[in-house]
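J.: Following the hints, complete the assembly by docking chain B onto the known chain A.
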Amino acid sequence: MEPIKLVYPVDGGDFIEAGEASSKMKMTLKKLGLPSDVIRKAAICMYEGEINMVIHADGGQAEVEVTMDQITLKMVDHGPGIPDVAKAMEEGFSTAGPDVRSLGFGAGMGLPNMKRYSDELDIQTELGKGTTVTMKLKIG
Amino acid sequence: MKHSVVLSHDRCRGCTTCIKTCPTEAIRVRRGKATILDDRCIDCGRCIQVCPHRAIRAVTDPMDRLRDFRYCVAIPEPALYGQFHHLWNVDLVLNGLLKIGFDQVYESARASELLAAYINKRGAQADRPAPIIASNCPAVLRLIRIRFPRLIGNIDPLVLPMELGASVARREAAERTGLRPEEIGVFAIVPCAAKATSCQQSEGLEEPVLDGAFSIRDVYMRLLPVLKELGDDLLPLNRSGAAGLGTAVASGECHARGSKRFLAVDGIDNVIQMLEEIEDGRQSDVDLIELSSCTQGCVGGCLNVENPYTARMRIRRMMRDMLEAVPRRAACAGAKDLSADDERDLRFDRTLEVSPALLLDEDRAVAMQKHLKIEALEGRLPGLHCGSCGAPNCHAFAEDVIQGRASLDDCIFRVRERMRGVAGPNGPDDYLPPPFRQQEKPDKGPGE
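Keeping their order, the protein sequence lines are chains A and B.
Count along the first sequence starting at 1, add 148, and that's the number in our numbering.
Count along the second sequence starting at 1, add 781, and that's the number in our numbering.
These aren't lab readings, by the way, just hints derived from the structure by calculation.
We put the CB at the ideal spot given by N, CA and C, even for glycine.
One or more of the hints may lead you astray.
[To be verified] Which bits of chain B does chain A cover? Going by a derived footprint, with three or more residues having C-beta under 8 Å, they are:
1) 961-972
2) 1060-1069
[Stated by the list, open to error] Here are a few chain B residues that sit away from chain A, every Cβ distance over 12 Å (derived from the structure):
3) V840
4) R851
5) Q1054
6) T1076
7) D1123
8) R1145
9) P1206
[Unchecked claim] Derived contacts from chain B toward chain A, CB cut-off under 8 Å, selection only:
10) L1104
11) L1139
12) M1149
One chain only, chain A, in its complex shape (with noise of 0.2 Å):
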């Protein structure tokens, strides 16, 4: 069967609307029938890419497959890259700066939360052009 594809925009330096693309991919999922437990994890890494996308890289694009078995997340941004990845799926590593971290963001769990929630996480960066971090979830 043909997948579905969902391409949702966000906008960077704005953290009220990050979430947005969550929450919409959330409805169609739901519509869809998918179990709660896959659409909640998906719901989880989609939020920490959407914050990532607008902290580090001035916004993104989402992108979501669907297919019978398996939902993939796309996270593509052209921003300024990941100089260090193993060091950046550290626990508590951010390189976010401190009015970042004033509003509550940044505490260095956002990679760590999208592996957790995930299937397979694969991130793909070169410095200066732009990261894509890719999420597979098996629906089980």
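T.: Structure of chain B alone, referenced to chain A:
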């Protein structure tokens, strides 16, 4: 599903105001009249508040139903007390209820305090996912069942205060009078459509424990003349404290429970936003969440007389007076007042079920096929969400077409395309109203 929100076909002019504000997209306009999709309506009453023609109402029982029973008990919701000017004593209202045909009163506020006492006695619940969502608002429970099924497990499965009040009051009345429980009529006095519905169909209970619901409005109109005649010889009927009284306004439930880390949200749009956040795991530092569909809580319900802000101010003032009269005693009911019967009656006797109302299809493969068709169709629609088709937005319309609830021809823009060939030199602009024209008409100046 049973509902107390009903549409009057005579009054409805098919104006599409209501369809846009419905939080579950449960209303469509068909043949010039609004209709409610039964399985989606959560009885929040939002449409009642926005309808410019007063075509949507919350139906409650007529007061003459009091004659159907040998003995009648009133369960007044505390929002009732916020409706009156210069009300200094809750007993005035409670005595008034005895004058207008009730034989006994049991305050919903008292039952709230019993529930709070039970929750404190029970202690923390490790087996329940955090944060706990209080079960205070039946419209919110229905919303969760339809739009946020994942969060059903977060709901504290306790009955509404008015439901607990009804069970206790019926037992007490049966003991006092010797009548059989079914000979006793127990009626809630409710501020909103959702609670009126709960009297017919409870969320947490298989069988409703109330015999009916009267609206605060109807009761208010009967009480007004009576209250003026009441003297100082009032019966001491008030058995609730400030805590119970406070549950009429948003955050009252959290305060009654003595919760330290809580969030209270009111207004259906805010509630939806909060539920989205809980679902995304963004509310991890709160223990208890109280959600009220109406603005300011129950005082904002569509069956009240007074505006929610004035009513809240009055409730708060009465709470202050109560606390000054009896310092350090916010609640009158405590754990000592809880009987084994009460503890049985205050829990849900069934689990909340997921409602499939928004599902495209029970079969996921079919649902996915339908989604692809809906997306494709939506791409061909104008995206103006004008409502002319009778659906709240273009996506809902595309869904209706694929689900067989509407025809593609219901979209006036699709019709315009087809009319292009037969229209005059300016095409459909000749007959379309200004917002829908492709080009500005040359200004003909005034007077023409």
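J.: Please go over all the hints and tell whether each is borne out by the structure.
T.: These are the hints, each one checked on the structure:
Here the region 961-972 of chain B counts 0 residues with a CB under 8 Å from a CB of chain A, which misses the bar of 3, and the coverage is violated. Counting residues of the region 1060-1069 of chain B whose beta-carbon sits less than 8 Å from any beta-carbon of chain A gives 4, enough to reach three: the coverage restraint holds. Separation of V840 (chain B) from chain A is adequate, the least Cβ-Cβ distance of about 30 Å exceeding the 12 Å criterion. Every CB of chain A is more than 12 Å from the CB of R851 (chain B) (nearest about 48 Å), matching its label as outside the interface.
Once the 12 Å rule is applied to beta carbons, Q1054 (chain B) is inconsistent with being away from chain A; the minimum gap is 8 Å. Listed as outside the interface, T1076 (chain B) is consistent with that label: its C-beta sits roughly 22 Å from the nearest C-beta of chain A, beyond the 12 Å cut-off. Here D1123 (chain B) stays apart from chain A, with its beta-carbon at least about 34 Å from theirs, past the 12 Å limit. Consistency note on R1145 (chain B): stated as away from chain A, yet its beta-carbon is not over 12 Å from all of that chain's, at 5 Å minimum.
Listed as a non-interface residue, P1206 (chain B) keeps its Cβ farther than 12 Å from every Cβ of chain A; the least gap is roughly 40 Å. The beta carbon of L1104 (chain B) is not positioned within 8 Å of any beta carbon in chain A (closest approach about 35 Å), and the interface hint is therefore violated. Using the Cβ-Cβ criterion of 8 Å, the hint placing L1139 (chain B) at the interface with chain A is satisfied: the shortest such distance is roughly 6 Å. Hint status for M1149 (chain B): holds, given a least beta-carbon distance of 6 Å to chain A, under 8 Å.
Hints 1, 5, 8, 10, counting from the list given before, are not met by this structure.
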